[in-house]
Structure formats: C-alpha cells, structure tokens
Amino acid sequence: MSAPFAKLPRWADYGLIPLINLFVAFIVAGLVVMLVGENPFRAAMILVEGAFGRGQNIAYTLYYATNFIFTGLAVAVAFHAGLFNIGGEGQAYIAGLGVAFVALSLDTVLPWYLTFPIAIVAAAGFGALWALIPAYLQAKRDSHVVITTIMFNYIAGSLMVYMLVDVIKPLGSMAPQTRPFEAGAQLPKLNWIIELFGAKIRSAPLNLSFILALIMAYLVWLLIWRTKLGYEIRTLGFSSKAARYAGISESRIIIITMLISGALAGMMALNPTMGDQHNVSLDFVSQAGFVGIAVALMGRSHPAGIIPAAILFGALYQGGAELAFEMPNISRDMIVIIQGLVILFAGALEHMFRPTIQTLFASLSPRSVGLAAAKKEGA
Amino acid sequence: MDFLNALVLILDSTIRLSVPLLLACLAGLYSERAGVFDIGLEGKMLAGAFAGAAGAAVTGSAWLGLLCGILVSVGMALVHGFASITHRGNQIVSGVAINFIAAGSTIILGQAWFQQGGRTPALGAAQRFEAIELPGAAALRDVPLIGQIYSELISGHSLLTYFAFLMVPFTWWVLYRTRFGLRLRAVGENPAAVDTAGVSVAWLRYRAVICTGILTGIAGCYLSMVQNAGFVKDMTAGKGFIALAALIFAKWKPVNAMFACLLFGFLDAASIRLQGTPIMGVRVPVQLMQALPYILTVILLAGFIGKAIPPRAGGVPYVKER
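Chains A and B, in that order, are what the protein sequence lines are. Every letter in the first sequence is one number past the one before it in numbering that gives the first Met the number 0, and letter 356, counting from 1, is 355. Every letter in the second sequence is one number past the one before it in numbering that gives the first Met the number 0, and letter 253, counting from 1, is 252.
In short, the hints are calculated from the structure, not lab data. Since the structure is predicted, the reported quantities are computational estimates derived from the model, not experimental observations. We put the CB at the ideal spot given by N, CA and C, even for glycine. Certain hints may be false.
[Unchecked claim] Some but not every residue of chain B turned toward chain A, in silico, with C-beta under 10 Å:
hint, residue
1, G42
2, G74
3, V78
4, S93
5, A121
6, V285
Work out the full structure: start from the sequences and follow the hints.
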C-alpha cells in the first residue's frame, strides 16, 4: 500500500519541507566545492562572513536582495494564476528603457522625489508592455507563455543592444550605455539605516528602491489574498474549469496577471540604474530575472517567503563575490550552480521528500496529520 | 560568378551553423514527442560541449571526448527524467534548473581543472573531428556550378555534420516506421492508452529522454570539438533555445525540423556576413537579424503561419492511479 494520505501541519508544509529541500541543495553544492578541491565548511564560513560580517556587506546583500524581491514577486504573481513567466529578465531589461527615457529627460529639471514616481510608472509600464504580447498570445491564441516569454527575453536582448549602441549612446562615447544621470535621477542611499545600528559604511549601493520592494511585497500580499481580483487569479491557478464555471473570464485574468507580473519585474530596473550605476548599460539586469524563479519557488509564492528567499540569494551574491577573492577555484558562478540546485530541489523535486515525511508524521504522531481514529480501524 | 561564390560561402556557413541547432532540435523532438517538455536543451548542450572538450583534452582522443560529452549530457537528461517522470515535478522548472546547473558547473569545474578562466585547453587535430574530403571533390572543383556545390557545400565537413543530417531520415524512420516510434508518439498524445496496452509509460519516456541526452551531447561536442578547438564559457549562447524555437517552427516533425534549422542557420550566417551592409538600400540592423528566429517563432505561435500544436500530453506528468 502507498503512504497514507496525510495532510501535513502548516508549519511542516511551508517551513520544514522547503528547509529540507534547501538543505539538500546546499549539500550537493558542498560536494561541488569538494570536487574543485576546497573545503565546503570554510567556503560556507567565508560566504556568511562576506554577506553579513560587516555593515558594508549587509548593505550590499540587501541591495542585491532588492532586485530579487521584485523579480521573485513577478514570478510568484504569475504562478498564482498557473502561469510561468520566465520573461522577467527581458521585462526588466526593457523597463530600463523606460527608466532611461524618464531619467534622461527629467534629471536636470525635477528633484529626485518627483522623478522617482514617474520613473516607477515608466519602469512598470515598459515591463508590463513587454509582457503584454506573450499574455495576449496565451489568452487569445493559446500559445504557451513559457515559450513566448523565452523568445521575448532574446528579442529584448537584441532590441536593447540596438537601442544602447545605435540610438541612446551619447555621441563620441564608446561604451554602450546612456550618459550618467544627474542628481535629479539619483535615488538616496539607505545606508544610514544600517549605520543606526552602529556599523560603519564607506559606500554601498543600498537605496530607496529597497523600501519600494518591501511596499510591493505588501501590496502583492494584499492583491492575492485580500481582493476579488486576487481570488480570481488564485481560482484560475487552482482550476481553469472552476474559474470558467464561476464566470471568471480566463483571458482577462491571464492578461491582467501577466501585466502585473511584467510591471513588478520592470520595477527591478530602478534599483541598479537610478539607485546605483546612475546610467542604463548593457546587461544591467545580470540574470536577476532568472534568480526570481528560484526565489519564488523557495518562497512558495508568498511575499513572506519571498523576502527571506531574496535576502538569502542576495547573501549568496554578495558572499559569493567575497568567496571568489578568498578561494581562487571558486568564482561567482558557484552561485549559479546553487541557484540551479535550489530550483531543482525546491521546484522540480519538491515532492521527493514529501511521502517520507508524511509517513514519518503519520507514525510518530497520527493526531497531527488527522489520522487518529482511522489508522486504528484500518489496522 | 562573384555572386555565386558569395552564395556558396553563405550556404556553406549556413550548414556549419545549423548542425548544432539540428542535433539539439532532433534531441528535443524525441523528448517532447514522448510528452516530456524540455527547455533544458541549452544546458545539456553546454554540459556536453564542456565534457567533450575536457575529455578530448585529457585523453587525447576525439572519440573518448565525444563519449564523455554524451555520458554527461545523458546524465543530465536522466536528472530531468527523474524529476519529471518519476517525481512528476514541473518539467519547465526542471529544465530551468538544468540550464543553471550546467552554466555554473562548466565554468567552476573548467577553472578548477584547467586554470584557464573557464576554458579547456586548445584541442589539437587528433582531438577534434576534422573535415572529411569526399571522393572526387578535388577533381570536380573546377567544374562550374556542380563542382563548386559538390566540393564546397557537400564535401569538406566533419563526421558529426554528416551524422546530423543522416539523423533526419533516421529519426523519421524511427518515429513513423518502428514500434518504438509509434509507442513514443502515442505516449506523448495519450499515455493512458499506452499504459492500458501494457507498455510502461515511465520506461518509454525514460528512453526518449536518453535519446535527447545523446543528441544534445553530440550537439555540444560539435560546438567545442568541430566549430571551435576547445570549450569557451557559455559557448552555446542561446542555441538551445533557437533549437527549441525551430522545433516549434517545425511543428515537432523531423524533416520540417531540418528545414527550420537550415533557415535559422541561414539567418545567422547572413547576419554574420552582412554585418549591417545595406540590402536594397535599407540598412538592416544586425540585432534584427539575430532576433529574427525568435520573432518568426512568436509569429508562428500566434497562429499567423499555420498552427503549431504540441503533443497533447506534453508537460503533463502521468499518474497511473490515484
């Protein structure tokens, strides 16, 4: 007989299983570290030290986490409707164009606190626009959103190279990037928050978009669990038949959800451009769109899970950079492996340990899984 | 005559550029026809390219390198199978994971083993698959047109190139003329029917996924051992996804797949050759040419050029009983 059907308590479902999956992913990553001839425990120590050791490092960690909160939320919102938006990378990249237009035309005219809201709208708008065609094709023409968003990532890449090299690049400049933004399009840093706790920071890119990311996380929670639209999105995700029976327009929800998802991914563009580099350059997204997939899977598509997952990946990015200094055989690409392993174990293989844990719970404490009476009768 | 020369050159590089696409595309065909979506072609190809070049560099033999490439790629295909067939995980998620693991580990292991910034050592002639001169190519070279086509286009490619093009009729034969092919297609359309007939759905799908691994491994080896003399980090550069696009463009049919790959290869060859020189007075941006395979695929998916209908059970894990 197969394992008894046992509903796990919530803390096991949302806490224990993701932690076990994460743990296995890190064990495998540790084996890779051993394979290249380094000590995995020392590597882990350096990584943690590099991510949280000093105020400076914490600020960097949170800066990277900001990117991943945005892209993680983008993937998560689409997940709730049963859609897989792999296009966060392209949507964020194109949103950089929106940021560039706003910043380049307003940065000498308006102060930052007026430019910022306009830039948010532009970034979200461009990101949403880039998600619109795949959304429309999924909703009306039944072509799979996964494939179209992958294609749109590459189209975005080509378009941005063209725009940056042939159109936006200032005359006489060699580097494929916009001119530097003036003070009117530079976001204030948030390093003083960490300095409140007594740490000293020389310079770190943590900026106001971190707060924006937290606000968006709250708004996404509000949207998904506290509004009619969110209810419709979740219904569609659970069962498209049920949604149709309830009179919910499938194509409308698909398009709206993808627009929201694209807008969230698009807002990620604000953090590196207006917050840190003060220009829009080639490849400024640098894979954050894909990290969002891992973050959303680990965070179980819930903002309360996405924020810690984003901070974890921020820590891996920051700590990984430090690790590359200390251990010559390990570069930042180690993070790409960990990311892949997390996606594999927390995503594709998420059910691998579930039956074992269910059996364990059922035998250790039948009451906790609601099997109390049934078990005895069955035996 | 000048025009003819230029055309032959472009067509020649079209063939060279379409080989990895074709192998990866046929690879995807086996898996997706069996109902297992695979967006991890890119990753398996990359891992195959690395393992092939590393194996050839260490052993000094092209054939052992090829074997390494195939083994590693099959290994990754089996991970995909384990997640999506045995554990009924999300096939898209698993494919994404494979891509990341391959992208990261090829660089890390390459740097650790060879200390050349993620490259493998340059391969010598014995460690690569060299061009093969077909009989009579030299003699026919001076015959106008036919001689040129024979000696430039058809002759002078590597073994893997001929293998790739021979795989097209072979795949057609397997799919449409053998029992295995019939079952493979059936398991992608209606696995329950195959199960009722007493054939194991899981074992069939595993075999399909292994075929995918073998072909992506060879595709990767072509990149690192024929097109280049060694592995360079991220050398697949999206070819796995172009192959995926070609597969959709070909509507999951082997002969169409060859034409789709040749078309996408031609676009690539033309964009390299033209580099923004004007065509009929209009300057076409290189980036547009590079994006064209993706744009064409999206237009096809939108249903404006025929309709691409995927295998019905694609992406859906099979549950025997509840």
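Here's how the hints hold up against the structure:
1. G42: 8 Å, holds
2. G74: Where the cut-off is 10 Å and the nearest Cβ of chain A is about 13 Å from G74(B), the hint is violated.
3. V78: 7 Å, holds
4. S93: This hint holds: S93(B) lies near chain A, its Cβ roughly 4 Å from the closest one there, short of 10 Å.
5. A121: Violated: closest Cβ of chain A sits about 21 Å from A121(B), beyond 10 Å.
6. V285: 8 Å, holds
The earlier numbered hints that this structure contradicts are 2, 5.
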